[in-house]
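Start from the sequences, fold in the hints, and give me the full structure.
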Amino acid sequence: MSLLEVDDLTVEYSSGGYRVTPLKGFNLQMDKRELGVLLGASGCGKSTLLSTIAGLLRPRSGSIRVKGSDVVGLKNQELTRYRQTSVGVVFQAFNLIPSLNARENVELICRTAGQSRTEARRRAEYLLEVVGLEDRMGHRPGMMSGGQQQRVAIARALALDPPVILADEPTAHLDYIQVEGVLKTLRQLADADRTVLIATHDERLLPLADRIIELSPRVGSHDSIAEHQHLDDGEILFEQGDPGSLVYMVDSGLIQLIRRRDDGSDEIISEASSGAYFGELAPMFGLPRSATARAVGPAVVTGLPLRDFRAQMSTSGPNP
Amino acid sequence: MSEGTNAIGPIWLASIRDLQWRWRRFLLAALATGLVFGLALMMSGVANSFSVEVHDTVSALGARWWLVPTGSPGPFTVAAAFPASTAAVVRRVPGVVTAEPILVSRALTSGAVGSSPASGVPVSSEKDVNVIGVVPGGLGSPQVVEGQPLRGPESAVVDASLGVEVGDQIALNDIRFKVVGLVRGVTYFAGVPVVFVTLGAADRFTANGEPLATAVLLRGTPTRPIAGFTALTDAQVRSDLGRPTTQAAKTIQLIELLLWLVAAGIVGAIIYLSALERRGDFAVLKAVGTPSSHLFFGLLVQAVLVALGAALIGYLVEIPMARGSQMAVRLAASDYLAVPVVAVIVGIVASILPARRAARVDPALAFGGGR
Chain A
1 MSLLEVDDLT VEYSSGGYRV TPLKGFNLQM DKRELGVLLG ASGCGKSTLL STIAGLLRPR
61 SGSIRVKGSD VVGLKNQELT RYRQTSVGVV FQAFNLIPSL NARENVELIC RTAGQSRTEA
121 RRRAEYLLEV VGLEDRMGHR PGMMSGGQQQ RVAIARALAL DPPVILADEP TAHLDYIQVE
181 GVLKTLRQLA DADRTVLIAT HDERLLPLAD RIIELSPRVG SHDSIAEHQH LDDGEILFEQ
241 GDPGSLVYMV DSGLIQLIRR RDDGSDEIIS EASSGAYFGE LAPMFGLPRS ATARAVGPAV
301 VTGLPLRDFR AQMSTSGPNP
Chain B
1 MSEGTNAIGP IWLASIRDLQ WRWRRFLLAA LATGLVFGLA LMMSGVANSF SVEVHDTVSA
61 LGARWWLVPT GSPGPFTVAA AFPASTAAVV RRVPGVVTAE PILVSRALTS GAVGSSPASG
121 VPVSSEKDVN VIGVVPGGLG SPQVVEGQPL RGPESAVVDA SLGVEVGDQI ALNDIRFKVV
181 GLVRGVTYFA GVPVVFVTLG AADRFTANGE PLATAVLLRG TPTRPIAGFT ALTDAQVRSD
241 LGRPTTQAAK TIQLIELLLW LVAAGIVGAI IYLSALERRG DFAVLKAVGT PSSHLFFGLL
301 VQAVLVALGA ALIGYLVEIP MARGSQMAVR LAASDYLAVP VVAVIVGIVA SILPARRAAR
361 VDPALAFGGG R
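Protein sequence lines correspond, in order, to chains A and B. When you line the first sequence up against the working numbering, it's residues 1 to 320, in that order. When you line the second sequence up against the working numbering, it's residues 1 to 371, in that order.
One thing to keep in mind: the hints can contain errors.
[Stated by the list, open to error] Partial chain A-side listing against chain B, Cβ under 8 Å, derived:
| hint | residue |
| --- | --- |
| 1 | L50 |
| 2 | A54 |
| 3 | R58 |
| 4 | S69 |
| 5 | T80 |
| 6 | R83 |
| 7 | F91 |
| 8 | L108 |
| 9 | R111 |
| 10 | Q188 |
[Stated by the list, open to error] Computed footprint of chain A on chain B; a stretch qualifies when at least three of its residues, placed anywhere within it, have a C-beta under 8 Å from a C-beta of chain A:
| hint | region |
| --- | --- |
| 11 | 16-25 |
| 12 | 289-296 |
| 13 | 355-367 |
[Stated by the list, open to error] One-sided excerpt, in silico: chain A residues whose CB lies under 7 Å from chain B:
| hint | residue |
| --- | --- |
| 14 | S99 |
| 15 | T112 |
| 16 | H139 |
Everything labelled a hint here was simulated from the structure, so no lab data went into it. Every residue gets a Cβ at the ideal spot worked out from N, C-alpha and C, and that includes glycine.
What follows is the structure, encoded as structure tokens:
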């Protein structure tokens, strides 16, 4: 049994009146002492995955288990307890409480979970020593560097000794000198019988990783090949939220691009007829499909890898 | 472990630290609210003074019964005059121990009437006063707190709120009197001071010298009705005397209530602003397992502390406000004790909206790099 198991996870949420599906059928298993790095373009669902594992978002379907215990079905108080004791979160912008000093930022979490003042203070001081901030305990966040703040945030994430640590772009606001200390600390966390999952754009983290999880295909992937597809009336070519590596040209017929609204209804956002293309953004930026493509009547389309699509555009020009 | 476990510690820690962190803003809020509290306290004192002065004035005359012409609601509000000699008739009624006539009227001070004890500046040359003519040394004759009792037709005993001193001259409707003594707290109709003169003197400027009275004060209890007169108790007289200021008192009480609401509004606005600014903090705290109830009570604690601080400031500002007031301000210990209670209520009411907002913050906001 893995320490962290994510099975067939689909997450939907509302954005600007539309239903967005950043994760669809996602799977992940991680064991203790393992450090995973989630790579992917902005908007591909990295933070969504971390939020869902942290119990902050409810998935539409699928399951998450930590040490074999289901997370998705937890109710209010169980969820609060889960957030306290099972996952520690390190945020991109540190997100320390500005009015509290370093020790109090950590102590607050311990006391919220029911520890006595003395016990909480001792724990906070110990953790700040672990991250090398024993001489900064009385400093407020505003008096510390970004790297020091991030290490306080790591100490806070460890306050109740959770088995899973989630870090969202932990090096985004740090210069290269500050990054070093944070990377070292994150690696040490995984070595202490924990699972650490880091969402990042920062490829400097890759050498630390035991596993790299790419949430979106690499831009300009060369793996896919051109394909012709015959579609019947009403047939779905791809659905909103699907990963996409091909750009489609309409050879004949009509394709409707449909976006799902918050209320579950569909909105036709555009139609592509013979000679037009669609679906270029997903492969171009490594994002999930932002709409569903459905044939209206019989249609024939050609799916082109990005490389072929670009070559064709340079000779034929943009959409009519 | 339940959600509320050891809730007080972390609530105090976060709330107190935030108050310290944003102390300038909270101090401003406490000062503004304190000013409102002080004003509300003073309003309460003014409203109280209406009933206190009625009680004290009626008590000062020391009667068991007040005899007034039948149909008259009371001796102070409707001046139904009758011959002062009626008192002599009443004295003979079995059960009556003492009966003395009084004449109640109003007058205007004219010309310089003396000097302010504090500044030596002449007191306003025109001032409304209530005049009560009494028999010197008899029932209704005032107990002076300074100077001598009323003695002759040229003498007057005056409530100290008129701003004159013993030995000063005052003119009532152009008739001059010498202030021989002072009384305190004998006012009515919203702080209008009473001037006691002899019954004969009162007759001089209110009834062309006719020996008239508007009430007969009694000690003892008459065993039979007195034709053409009704005997009123102190309570009935107080009720009659308080009636003209009832509306004013209600209006002041309404203003007082509105001031408490304004105070709640100020505290609420500051706490709401704070809650908006701390939205990111709340999201993070929820994301790391702080129960919503802690966030709710944290803001509630802040609001109550600000309101209690404001109550303290309110006490301090009320003192100079009351001293500068033209109207009497009478506050009892219970009024002062009520302020912190009201402050706590104000704090709770003020914090409900921001606290609910804080408790409902989506913890997922903590992700994404923004605060």
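Outcome of the hint check:
1. L50: Holds: closest Cβ of chain B sits about 6 Å from A:L50, inside 8 Å.
2. A54: Since the shortest Cβ distance to chain B is 6 Å, the answer is holds.
3. R58: 10 Å, violated
4. S69: 16 Å, violated
5. T80: OK, holds: A:T80 within 8 Å of chain B, min 5 Å.
6. R83: Holds, about 4 Å.
7. F91: Hint on A:F91: holds, closest Cβ of chain B at ~6 Å, below 8 Å.
8. L108: At 5 Å from the nearest chain B Cβ, A:L108 passes the 8 Å test, so the hint holds.
9. R111: Holds, about 4 Å.
10. Q188: 20 Å, violated
11. 16-25: holds (count 5)
12. 289-296: Our answer is that it holds, as 4 residues pass the Cβ test (under 8 Å) against chain A, meeting three.
13. 355-367: holds (count 5)
14. S99: 3 Å, holds
15. T112: Check passed: Cβ of A:T112 comes within 5 Å of chain B, closer than 7 Å.
16. H139: 14 Å, violated
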